[in-house]
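Make a model of the complete structure from these sequences and hints.
The residues making up each chain are set out below.
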Amino acid sequence: MSEQGFQGSFRQSMTWLHTWVGLVLSLVLYFMFITGSFGYFNAEIDHWMKPEQVRMASLPSTQTLAETGLHYLQREAPDAKEYWVTLPSGRHSNSLTVYAELRAPNAAGEGYVYQQLNPITGELASAVRETGGGDALYAMHYALHYMPYEVAIYIVGVATMFMFIALLTGIVIHKKIFVDFFTLRFNKGQRSWLDGHNMSSVLALPFLLMITYSGLIFYTFDYLPSIKVLTMGAGEEVEEAMEAHLYPGSDSIELTGEKASLVNLSAPLAAAESRWPHTPIHYVNVSNPGDSSAVLRFMPKSSGVSRGSEAMAFNGVTGALMSDPPTMPASAVFSDAMMALHEGHFANIWLRWLYFVSGLVGAAMIATGLVLWAKKRRQRLGKRGTAGFGLVLIERSNLGIVVGLPLGVVAYFWANRVLPVDMVGRGEWEMHCLFLVWLASFFHAGLRDLACAWREQVGLLAALSISLPLLNAVTTDVHLVATLREGDWVRAGFDLTAIAFGVALVAVWRVLPGSSSAAVSRRTRRTLRKEADNLAAAANEKVNV
Amino acid sequence: MFLVGLLLTTVGLFCFAASQAKQAALMFGTVPSSSLQRANRGLAWALLLGSTLLGISTYGFGVGLVSLFAWVFTGGWVIALALSWRRRVAS
Numbered sequence: 001m002s003e004q005g006f007q008g009s010f011r012q013s014m015t016w017l018h019t020w021v022g023l024v025l026s027l028v029l030y031f032m033f034i035t036g037s038f039g040y041f042n043a044e045i046d047h048w049m050k051p052e053q054v055r056m057a058s059l060p061s062t063q064t065l066a067e068t069g070l071h072y073l074q075r076e077a078p079d080a081k082e083y084w085v086t087l088p089s090g091r092h093s094n095s096l097t098v099y100a101e102l103r104a105p106n107a108a109g110e111g112y113v114y115q116q117l118n119p120i121t122g123e124l125a126s127a128v129r130e131t132g133g134g135d136a137l138y139a140m141h142y143a144l145h146y147m148p149y150e151v152a153i154y155i156v157g158v159a160t161m162f163m164f165i166a167l168l169t170g171i172v173i174h175k176k177i178f179v180d181f182f183t184l185r186f187n188k189g190q191r192s193w194l195d196g197h198n199m200s201s202v203l204a205l206p207f208l209l210m211i212t213y214s215g216l217i218f219y220t221f222d223y224l225p226s227i228k229v230l231t232m233g234a235g236e237e238v239e240e241a242m243e244a245h246l247y248p249g250s251d252s253i254e255l256t257g258e259k260a261s262l263v264n265l266s267a268p269l270a271a272a273e274s275r276w277p278h279t280p281i282h283y284v285n286v287s288n289p290g291d292s293s294a295v296l297r298f299m300p301k302s303s304g305v306s307r308g309s310e311a312m313a314f315n316g317v318t319g320a321l322m323s324d325p326p327t328m329p330a331s332a333v334f335s336d337a338m339m340a341l342h343e344g345h346f347a348n349i350w351l352r353w354l355y356f357v358s359g360l361v362g363a364a365m366i367a368t369g370l371v372l373w374a375k376k377r378r379q380r381l382g383k384r385g386t387a388g389f390g391l392v393l394i395e396r397s398n399l400g401i402v403v404g405l406p407l408g409v410v411a412y413f414w415a416n417r418v419l420p421v422d423m424v425g426r427g428e429w430e431m432h433c434l435f436l437v438w439l440a441s442f443f444h445a446g447l448r449d450l451a452c453a454w455r456e457q458v459g460l461l462a463a464l465s466i467s468l469p470l471l472n473a474v475t476t477d478v479h480l481v482a483t484l485r486e487g488d489w490v491r492a493g494f495d496l497t498a499i500a501f502g503v504a505l506v507a508v509w510r511v512l513p514g515s516s517s518a519a520v521s522r523r524t525r526r527t528l529r530k531e532a533d534n535l536a537a538a539a540n541e542k543v544n545v
Numbered sequence: 001m002f003l004v005g006l007l008l009t010t011v012g013l014f015c016f017a018a019s020q021a022k023q024a025a026l027m028f029g030t031v032p033s034s035s036l037q038r039a040n041r042g043l044a045w046a047l048l049l050g051s052t053l054l055g056i057s058t059y060g061f062g063v064g065l066v067s068l069f070a071w072v073f074t075g076g077w078v079i080a081l082a083l084s085w086r087r088r089v090a091s
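Order-wise, the sequence lines are chains A and B.
Heads up, the first sequence is in my numbering, so the first residue is 1 and it goes up one at a time.
Heads up, the second sequence is in my numbering, so the first residue is 1 and it goes up one at a time.
Careful, some of the hints might be misleading.
The calculated DSS-like cross-link candidates involving lysine-lysine, where the alpha carbons are at most 27 Å apart (straight line), are [claimed, not checked]:
#1 B/Lys22 - A/Lys188
#2 A/Lys188 - A/Lys376
#3 A/Lys259 - B/Lys22
#4 A/Lys301 - A/Lys81
#5 A/Lys176 - A/Lys188
#6 A/Lys376 - A/Lys175
#7 A/Lys175 - B/Lys22
#8 A/Lys301 - A/Lys175
#9 A/Lys259 - A/Lys81
Per the computed footprint, the stretches of chain B lying under chain A, defined by three or more beta-carbons under 8 Å from a beta-carbon of chain A, are [claimed, not checked]:
#10 14-23
#11 69-75
#12 78-88
Residues of chain B clear of chain A, computed beta-carbon distances all greater than 12 Å [to be verified]:
#13 Val11
#14 Phe28
#15 Gly29
#16 Thr30
#17 Pro32
#18 Ser35
#19 Ala39
#20 Gly42
#21 Leu47
#22 Leu54
Treat the hints as calculated values from the structure; they're not laboratory data.
Just so it is clear, the structure is predicted and the values come from calculations on it, not from any experiment.
Ideal Cβ placement from N, Cα and C applies to all residues, glycine included.
The following block contains the structure:
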């Protein structure tokens, strides 16, 4: 890769830029891709990590579910500003989530009430173990961990911008993008790493461009506050005006102070269901509950490339229709579509798997780029050159990044089964386990011979993955045989994926330098090459004679 | 319909690979004539256009386009791995 910086030709300059923007924040980017990929199965991972959670065979009607949630909130948070009930549907069919934004902090000093209820009994789903679940993994890809949210989103934003530049410069420098479209050569050293890097980036390019660009859209106004300030000014009123512009119908309503009970849901709900006949109602929202100014809103589950931000609003006391779903401005429609593409809520099971695999391929692209960078520098040194501290540090960190993070994620799943169920702060300790194991992998990579360290960590990752279903069988009742028998494909799928992942890693482990099978295969190749050379020489002699 | 789209795209990409001298030599052992390469390329674009239309007509514009990218991604990997295996066998 070019060392001339911006001094060389255009392509050389772009190569330099591609190398450095890809390298500098690669740790953050790899972390975002791995944890974000798991986010596409957050509900499924949640289900596996809560073995006590019962699968709901059949759910009550939408009206009953909504009333169950609202009754709970009316009882527990009578003086709230707003109620939100998230109805179970599709992948999230196990719990009814209720949320109330309070007017004043409660006895615990919290400004909200948040609970997950059993959708059938309406009681707290408290029998479930405390866990970070799939949502904690998912949230880390944009909020990181152990740091304030406001700081994390800026680090993530810079890393995403770097990724975007790396992708665009990668397109510029890849000369034979169509000719090399399917080129993947194994056992060719550095060439194989470059092929792997090119393949993973070219085939997943639409996904990578979309995921990076849409990731930036999420925090547009945080990353570019000047746009808002210069066009609309600053202050709380401006914020409210902008919210009202982007999400019409969501503006706050003044309290009248007159007590009034909430209307029966049946008529407004029927109207909403006839408005969206093919999409189930997913959110129920009540503004100013208990007041005569109450507004009841129904929102459908997102369908197509949309986050389902549209809502039908009714008078919360009389039930009269206040407004049909308002027309959103083009800018809001665009950002809504981008965010929906990023989150992939619309995806069916096949597409969801492809989102997941594409995310992992994005991580593989970063990993191969990292290894390639170190390999090129090592090659330049030649056999007798001594590697400087920087190269050694990067070679060893590469292992900590590439294998260490997946090890940490598997440790997170192990912690879910190994930590005592009644442990205080259990969810947070699962997360500590992830980071402790990740940190340990960096130390291990630093202390051991590098080739040995690669083999040991990949071997450990394979062993932990394959044995995860066994650990599950030993510690819970929802083992693979039981889940397969009951047709609980979510939990069974998790176990089977862990096994498949482990088996794939065993195949990788077998070909890593230094392993006995790799040595045998190299010896065999050398012998075969010698034989072929001898045969060719003999044939040449014959021809000459 | 998702799997039909995937199949169409994979066959399209196969034709696309067959339209390139280097990949075609790996697949068939010989380099096809330039007219055959052109025909393969035409067929490849037709099949890829077909899968695009299938995706959009089945899932709508946004989801259809995303589905197409997913099919290209999967089909591309299948062909790349198959060619890599052919290269190994050939060597």
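Checked hints:
no.: 1; hint: B/Lys22 - A/Lys188; in the structure: 18 Å, holds
no.: 2; hint: A/Lys188 - A/Lys376; in the structure: 13 Å, holds
no.: 3; hint: A/Lys259 - B/Lys22; in the structure: 78 Å, violated
no.: 4; hint: A/Lys301 - A/Lys81; in the structure: 23 Å, holds
no.: 5; hint: A/Lys176 - A/Lys188; in the structure: 19 Å, holds
no.: 6; hint: A/Lys376 - A/Lys175; in the structure: 19 Å, holds
no.: 7; hint: A/Lys175 - B/Lys22; in the structure: 16 Å, holds
no.: 8; hint: A/Lys301 - A/Lys175; in the structure: 44 Å, violated
no.: 9; hint: A/Lys259 - A/Lys81; in the structure: 14 Å, holds
no.: 10; hint: 14-23; in the structure: holds (count 5)
no.: 11; hint: 69-75; in the structure: holds (count 5)
no.: 12; hint: 78-88; in the structure: holds (count 7)
no.: 13; hint: Val11; in the structure: 14 Å, holds
no.: 14; hint: Phe28; in the structure: 14 Å, holds
no.: 15; hint: Gly29; in the structure: 17 Å, holds
no.: 16; hint: Thr30; in the structure: 18 Å, holds
no.: 17; hint: Pro32; in the structure: 16 Å, holds
no.: 18; hint: Ser35; in the structure: 19 Å, holds
no.: 19; hint: Ala39; in the structure: 17 Å, holds
no.: 20; hint: Gly42; in the structure: 15 Å, holds
no.: 21; hint: Leu47; in the structure: 15 Å, holds
no.: 22; hint: Leu54; in the structure: 14 Å, holds
Going down the numbered hints, you'll see the structure goes against 3 and 8, while the others check out.
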